[in-house]
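**Student:** What follows is each chain in one-letter form.
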Amino acid sequence: MRELRHRLFLRLTTWLTLTACFAVLSSALLLALNLSMVMTLWGDDIQVTAYLNQDAGPDRLREIEGILKRDARIGRFEYTSREKALTDFRAQMASYAPDLAADDDLLSLIPSSFQISLAGSAPADRLEDLAHDLKNVAGVEEVRYGQEWLKKYSAVLSALKGSVGLIGGVLLVAGLLVIGNAVRASVEARRNEVEVLEMIGATSWMIRKPFLMEGATLGFLSSLSAVILTFGGFLAVQGVIRDELNFLNLAQHVRYFPLWGVAFAVVGGTVLGAMASYLCIRRLNDGWAAAGGRR
Amino acid sequence: MIEFSHVYKTYPGPVHALKNVDLSIGKGEFVFLTGPSGAGKSTLFRMISAFDLVTSGHLLVSGYDLTRMSASEIPYFRRRIGVVFQDFRLLKNLTVAENVALPLRVRGDTESQIRRRVAEMLEQVGLPHKQDQFPEILSGGEQQRTAIARALIHQPGVLIADEPTGNLDPELSEEIMDLLERVCAQGTTVFVATHDHEMVKRRNKRAVRIRAGILEGDCR
Numbered sequence: 001m002r003e004l005r006h007r008l009f010l011r012l013t014t015w016l017t018l019t020a021c022f023a024v025l026s027s028a029l030l031l032a033l034n035l036s037m038v039m040t041l042w043g044d045d046i047q048v049t050a051y052l053n054q055d056a057g058p059d060r061l062r063e064i065e066g067i068l069k070r071d072a073r074i075g076r077f078e079y080t081s082r083e084k085a086l087t088d089f090r091a092q093m094a095s096y097a098p099d100l101a102a103d104d105d106l107l108s109l110i111p112s113s114f115q116i117s118l119a120g121s122a123p124a125d126r127l128e129d130l131a132h133d134l135k136n137v138a139g140v141e142e143v144r145y146g147q148e149w150l151k152k153y154s155a156v157l158s159a160l161k162g163s164v165g166l167i168g169g170v171l172l173v174a175g176l177l178v179i180g181n182a183v184r185a186s187v188e189a190r191r192n193e194v195e196v197l198e199m200i201g202a203t204s205w206m207i208r209k210p211f212l213m214e215g216a217t218l219g220f221l222s223s224l225s226a227v228i229l230t231f232g233g234f235l236a237v238q239g240v241i242r243d244e245l246n247f248l249n250l251a252q253h254v255r256y257f258p259l260w261g262v263a264f265a266v267v268g269g270t271v272l273g274a275m276a277s278y279l280c281i282r283r284l285n286d287g288w289a290a291a292g293g294r295r
Numbered sequence: 001m002i003e004f005s006h007v008y009k010t011y012p013g014p015v016h017a018l019k020n021v022d023l024s025i026g027k028g029e030f031v032f033l034t035g036p037s038g039a040g041k042s043t044l045f046r047m048i049s050a051f052d053l054v055t056s057g058h059l060l061v062s063g064y065d066l067t068r069m070s071a072s073e074i075p076y077f078r079r080r081i082g083v084v085f086q087d088f089r090l091l092k093n094l095t096v097a098e099n100v101a102l103p104l105r106v107r108g109d110t111e112s113q114i115r116r117r118v119a120e121m122l123e124q125v126g127l128p129h130k131q132d133q134f135p136e137i138l139s140g141g142e143q144q145r146t147a148i149a150r151a152l153i154h155q156p157g158v159l160i161a162d163e164p165t166g167n168l169d170p171e172l173s174e175e176i177m178d179l180l181e182r183v184c185a186q187g188t189t190v191f192v193a194t195h196d197h198e199m200v201k202r203r204n205k206r207a208v209r210i211r212a213g214i215l216e217g218d219c220r
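So the sequence lines, in the order shown, correspond to chains A and B. Everything in the first sequence is counted per the numbering used here, starting at 1 for the first residue and increasing by one. Everything in the second sequence is counted per the numbering used here, starting at 1 for the first residue and increasing by one.
Among the clues, some could well be false.
[Unchecked claim] With a cut-off of at most 20 Å between alpha-carbon atoms, the simulated SDA-like pairs for lysine to any residue come out as follows:
#, chain 1, residue 1, chain 2, residue 2
1, B, 19, B, 30
2, A, 209, A, 154
3, B, 92, A, 8
4, A, 69, A, 12
5, A, 209, B, 28
6, B, 92, A, 275
7, B, 92, A, 192
8, B, 205, B, 175
[Stated by the list, open to error] Partial chain B-side listing against chain A, Cβ under 10 Å, derived:
#, residue
9, 23
10, 79
11, 82
12, 86
13, 89
14, 90
15, 99
16, 110
17, 114
18, 115
19, 116
20, 119
21, 137
22, 138
23, 179
Just so you know, the hints here were simulated from the structure itself, not pulled from any lab data. Glycine is no exception: its CB is placed at the ideal position from the N, C-alpha and C atoms.
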C-alpha cells in the first residue's frame, strides 16, 4: 500500500512538473506570437511621411509621384501641400498653442509631404529599406516613420523570441529528464515483473510497451493540462486588455493558438513523453539484459 | 536436450566461472547438479536459460544453438524451456491463476485455452482451490508449486530448477521433488541444482557434481 501511495505521489508530482514546464513554454510562445501580431498590426498602420524640399516645384513633384507609383512596396500615397499642411496644423494647434498657430515665419517652414502606406504588412526592415530609398530621391528632404519606436519594439520582440527559443529548449530537455526519471522509477518498481517476463519469453516490445505507454500518457496529460491552463490564462489577460487597456484597441486582435497548433502541442507532448521513455528503456530486455548486454 | 561441449565462461577479472564443461542430458532424463556455493551451478543455469553467454564452446538446448542465437530469437527459445527459482519469483499483484497463466498470455493463447490449461496445471500441482489467492498468503510449498505450474504450463521440453527447495523445510522439499519426478515421468527433461546431498542420495537419480567451475563427477 505504501509503495502504491509512493508511486501515485511520484506520478502526480511528475504530471505537475511537466504541466508547469509546458505551460511556461506555451505561454511564452503565445506571448511572442501575439506581440509579433501586434507589431504587424501597428506596422500596417504606420505611414511613412516623406517631407519635400521647400523649393520642390511641380516637375519635381510629378517625378516623385512617378517613382512612388512604380514602387511595388507602396500600396497607396497621398500628397499634402504646404497650404493644406498649414491649415491642418493651425486647426490642431489653435487650442493648445494659439501663438504658435499665428506665427507666420515659423509656419512658412512647414513643408509639403507625401503620406505613404505600404502594400501588405510592414515589418521594420521593409520600412527601413523604403525610408532609405526615399531619402535618396531628389526633392525629398526628410523621411519619418516612427523608426525609433519601431526599432526598439523590434529589438524587444527579437530578444523575446530568442529568449523563448532558449527557454523552450531548456524546458523541453527538463521535460525529457522528468519523464525519464518517472519511467526509470517505474522500471525499478517493476524490475521483478520485467525479469519474470524475460524469463517466460516475452519479447522486447511486450516488455517495453507498458513503459512507453506510461511516458506517452504522462506527456499527453501534461501537454493537455498545459493547454487548458494557458487558455485560462489567455482568457484572463484578454479580459484585462479589453477592460483596462481598451484604449490600445487590441482585445479583438489577440489570439490563442489555432486549433491545429493546439493539436500539434498535445501530439508533440505525447511524442516527447514516448521518446523520453524510450531513451530510458531502450537497453531494457535486449535479450541479454541480465548479462548487461555483454557478448 | 541439453548439450554442453567444451564450454568456458570467464567474467572480467578474470573470473573463470566454468571451465571445459562437457555435459549431455537426454530427453526425459532427471539430473541433479550438485556442488558447494560458488561452484558454478547458477552460472550453468544462466547459460541454459540464455541469461548469459558462453565465452567459448558450444551449448545446445532443445535444438537451439545458444552460441549462435541472435537477441531476437531469445524470447522464442525461452518459451521452449521452464525455469524455477529458489525464491519462486511470483508476481505479488497477480493471483495464483494469473501467475500460472503468464507464459500462455505471452505466447498469445486464447482466453479459453488459457483457462483450460491453468485449471489442468493447478490440478496437477494440487492447488485448484488456491487459484484466486495472492502469493503472499500462500505457504512456501504452495508458492513453489505455483512457480512449477507456471514453468510447465506451456509444455516445455526442458525444466531447470535452481535450488527449488532451498527455502523450504524437509517435508515440503520432498513434496516438491515428488512433483518434479512426476513431471519428468511425463517426458519433460528435468535438471535440478541443489546442495542437499542427502536428498540427492535418497532420490537415486543421475547426479552431476561441479566444483570451482569444473565438472568433477557424473553418477548415473
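**Student:** Taking the hints in turn, state whether each one holds.
**Tutor:** Hint-by-hint comparison with the structure:
Using a Cα cut-off of 20 Å, the hinted pair residue 19 of chain B and residue 30 of chain B is violated, with the two alpha carbons roughly 23 Å apart. A threshold of 20 Å between alpha carbons decides the hint, and for residue 209 of chain A with residue 154 of chain A the separation of about 48 Å lies outside it, so the pair is violated. About 18 Å separates the Cα atoms of residue 92 of chain B and residue 8 of chain A, which keeps this hinted pair within 20 Å; it holds. Of the pairs offered as hints, the one joining residue 69 of chain A and residue 12 of chain A is violated, with about 64 Å between alpha carbons and a cut-off of 20 Å exceeded.
Restraint check: the Cα-Cα separation between residue 209 of chain A and residue 28 of chain B comes to about 37 Å, which exceeds 20 Å; the hinted pair is violated. Under the criterion of a C-alpha separation no larger than 20 Å, the hint pairing residue 92 of chain B with residue 275 of chain A is inconsistent with the structure, at around 30 Å. Proximity of residue 92 of chain B to residue 192 of chain A is assessed by CA-CA distance (about 10 Å); at most 20 Å being required, the pair is judged to hold. Taking the CA atoms of residue 205 of chain B and residue 175 of chain B, the gap is about 16 Å. The hint holds against a cut of 20 Å.
Checking residue 23 of chain B against chain A by beta carbon gives a least distance of about 21 Å; that is not within 10 Å, so the hint is violated. Interface hint at residue 79 of chain B: satisfied, since its Cβ lies 4 Å from the closest Cβ of chain A, which is below the 10 Å cut-off. Among the interface hints, the one on residue 82 of chain B holds; its C-beta lies about 9 Å from the nearest C-beta in chain A, closer than the 10 Å criterion. Here the hint on residue 86 of chain B is broken, as its CB sits about 14 Å from the closest CB of chain A, past 10 Å.
Evaluation of the residue 89 of chain B hint against chain A yields a held restraint, the C-beta minimum of about 5 Å falling below 10 Å. Contact between residue 90 of chain B and chain A, as hinted, is supported at the beta carbon level, the nearest pair being about 8 Å apart and thus within 10 Å. Interface hint status for residue 99 of chain B: upheld, as the beta-carbon distance to the closest one in chain A is roughly 9 Å, under 10 Å. Nearest Cβ of chain A to the Cβ of residue 110 of chain B: about 17 Å, over the 10 Å cut. The hint is violated.
Interface restraint check for residue 114 of chain B: the shortest CB-CB distance to chain A comes to about 13 Å, outside 10 Å, so the restraint is violated. The restraint placing residue 115 of chain B at the interface with chain A is violated, with a minimum CB-CB distance near 18 Å, outside the 10 Å limit. Below 10 Å, beta-carbon pairs count as interface contacts, and residue 116 of chain B has none with chain A, the closest being about 19 Å; its hint is therefore violated. Evaluation of the residue 119 of chain B hint against chain A yields a violated restraint, the C-beta minimum of about 19 Å exceeding 10 Å.
The closest approach between the C-beta of residue 137 of chain B and any C-beta of chain A is roughly 15 Å, which is over the 10 Å cut-off, so the hint fails. The beta carbon of residue 138 of chain B is not positioned within 10 Å of any beta carbon in chain A (closest approach about 16 Å), and the interface hint is therefore violated. A cut of 10 Å between beta carbons decides the hint on residue 179 of chain B: the least distance to chain A is about 19 Å, and the hint is violated.
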